[in-house]
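Chains as they are written, first to last, in our numbering: chain W, 1 to 315; chain P, 1 to 271.
Partial selection, computed: residues in chain W whose CB lies under 10 Å from chain P:
{"no.": "1", "residue": "M149"}
{"no.": "2", "residue": "L289"}
{"no.": "3", "residue": "V293"}
Computed Cβ-Cβ distance ranges for the label pairs, DEER-style:
{"no.": "4", "chain 1": "P", "residue 1": "L98", "chain 2": "W", "residue 2": "Y65", "range": "26 to 32 Å"}
{"no.": "5", "chain 1": "W", "residue 1": "G56", "chain 2": "P", "residue 2": "A246", "range": "49 to 55 Å"}
{"no.": "6", "chain 1": "W", "residue 1": "F24", "chain 2": "P", "residue 2": "L39", "range": "44 to 50 Å"}
{"no.": "7", "chain 1": "W", "residue 1": "G128", "chain 2": "P", "residue 2": "L98", "range": "44 to 50 Å"}
{"no.": "8", "chain 1": "W", "residue 1": "A306", "chain 2": "P", "residue 2": "L21", "range": "52 to 58 Å"}
Derived list of chain W stretches under chain P, where covered just means 3 residues or more per stretch with a C-beta under 8 Å from a C-beta of chain P:
{"no.": "9", "region": "150-164"}
{"no.": "10", "region": "255-266"}
Honestly, the hints are just simulated from the structure, not real lab data.
Ideal Cβ positions, reconstructed from N, Cα and C, are used throughout, including at glycine.
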Amino acid sequence: MLGYIVKRLVSLAISLIVASVVIFVVIEVAPGDPASFMLGLNAQPDTVAALRAELGLDQSKVERYLSWVGGMLTGDFGMSYTYRTPVAQMIADRMWVSLPLALYALTLSTFIAFPAGIFAAARRGGPGDLTVTGATQLGVAVPNFWFAMMLVLIFAINLRWFSAGGFPGWDDSFWGGIKALTLPAIALALPQAAILTRVMRSSLLDILGEDFMRTARAKGLTARQALWRHGLRNALIPVLTIIGLQFAFLLAGAIIIEQVFFLPGLGRLIFQAITQRDLIVVESVVMLLVFAVIMVNFLVDLAYAAVDPRLRTRT
Amino acid sequence: MSRNLVLGGLLTSVFVIAALLSFVWTPDSVEAMNIANRLKPPGAGNLLGTDHFGRDILSMLMVGARTSIAVALVAVGIGMGLGVPLGLAAAARRGGMLDEVIMRMNDLIFAFPSLVIAILITAVFGPSATNAIIAIGIFNIPVFARITRGAALSLWKREFIMAAQVAGKTRTRISAEHILPNVANLLIVQGTIQFSLGILAEAGLSYVGLGAQPPIPSWGRMLAEAQTMVSLAPHVALIPGLTIVAMVLGLNLLGDGLRDALDPRLKVARA
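Isolated chain W, as found in the complex (with noise of 0.2 Å):
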């Protein structure tokens, strides 16, 4: 098991890496200087080289590369070239928005998957399950905006339960924040939920044709009985696969939903970055991502090997 998490850990580091460099170069083709788009067209050239030594932009592309990552390493993202703030600060206010509500949009799609996906399995062929299935049919196929819309339509502009967007922060009140959060977890959730259904139906499925369930029956436990106490366990291996990786999604996912909303969070800081042209801020945010994407991955896999052995052997 060690040997494997050192092997995995290099292949991490490596990704992180390669990752980071791309990044990198994609921003630093971007046309366009920072300081001169940030101080006007009638700036005096002394001005902007003076901003340019500031913001480190005089140094070589290898020394930025290095102080760029160094100074992720340390939490110092460096200062946005539009507000003049530490990066660092600006994600971390964001991040007490996109974090809990793409984490909120995983519980309520797990809990929503989890006996629907059950309920399905349980009844396969019959009229429960095809309607489960169905339902799971157009929930892959609906936008999750356009379902955000429909839901301001109805709970919000309708009903009035909601409020159609904004958030008045955690300070407040904890439940005024989940309240704000609900309508976009809810849409962020639909489309994940129908997902996690069918593998959670297609997993339980594949595990009740193995041999130990029929021995589980044969010893005399009812259909009811083998499903819970055995069938259950072994059909989550890969439903935890795909609840890890739907994470890393929701949390991407989530810059859309909060543009529905107009909810300060990290998409909202990246949209209103792109067109200031604040590219250190795009920069950042997307690594943080990708971060999130690959540490997902890395832990999802050794939680896998670590209830599979087969797994450990395999490269």
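Dock chain P against chain W, hints included.
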């Protein structure tokens, strides 16, 4: 023929025909604004109503279908065009240096969700339909590489491939002449799925302004423009959204139907 195949095929053809038809005919102009006629609900004159500029929604949806289909189709083309050869090459030298490099690169691209790629590209080159295609296309590459490699690996162990090797064919020729035709069905099914995901991704990207730019009509932007109007005239948001759902649902059903039709073994196993 299964019900999925018929229903999916029908739904998909409706949209493809509507998109093709829009090149020669639409019920109304998509550019002509008629403010007096704005936000009209569906009915006679404008079958699906009008938007906030008084433009005919049906006509805009037909032209928008063109954008959606073109973006998704080219993106699938990029993914297949690059992903399939990479997958074949990786499988032909299993466990070799090339296999390792290709698969690690795949993992890396996988860490960049298509939205993140689109954001990166947009930050640098500005938003456009072309950049949306590239973003979705790049994301498709590892999907096809992975599925091709997986299927090809199991084929390399089969007798008829060994026979071809004994006959002296090179690995490249075997990949092209024997492996590729045998994974084609799988690729068609996956292609349909990626196509439907491409439609969704394009809608999402144009919704946030990273996709097709005005005046090119696109479903996602129609929804973005509808957002402020949704309480006045729900149909401006409802109709384009349902259109996307129907198109994606059609493609998914078509994919399921094709899988059952092309691989009868799966059908038996599932029944």
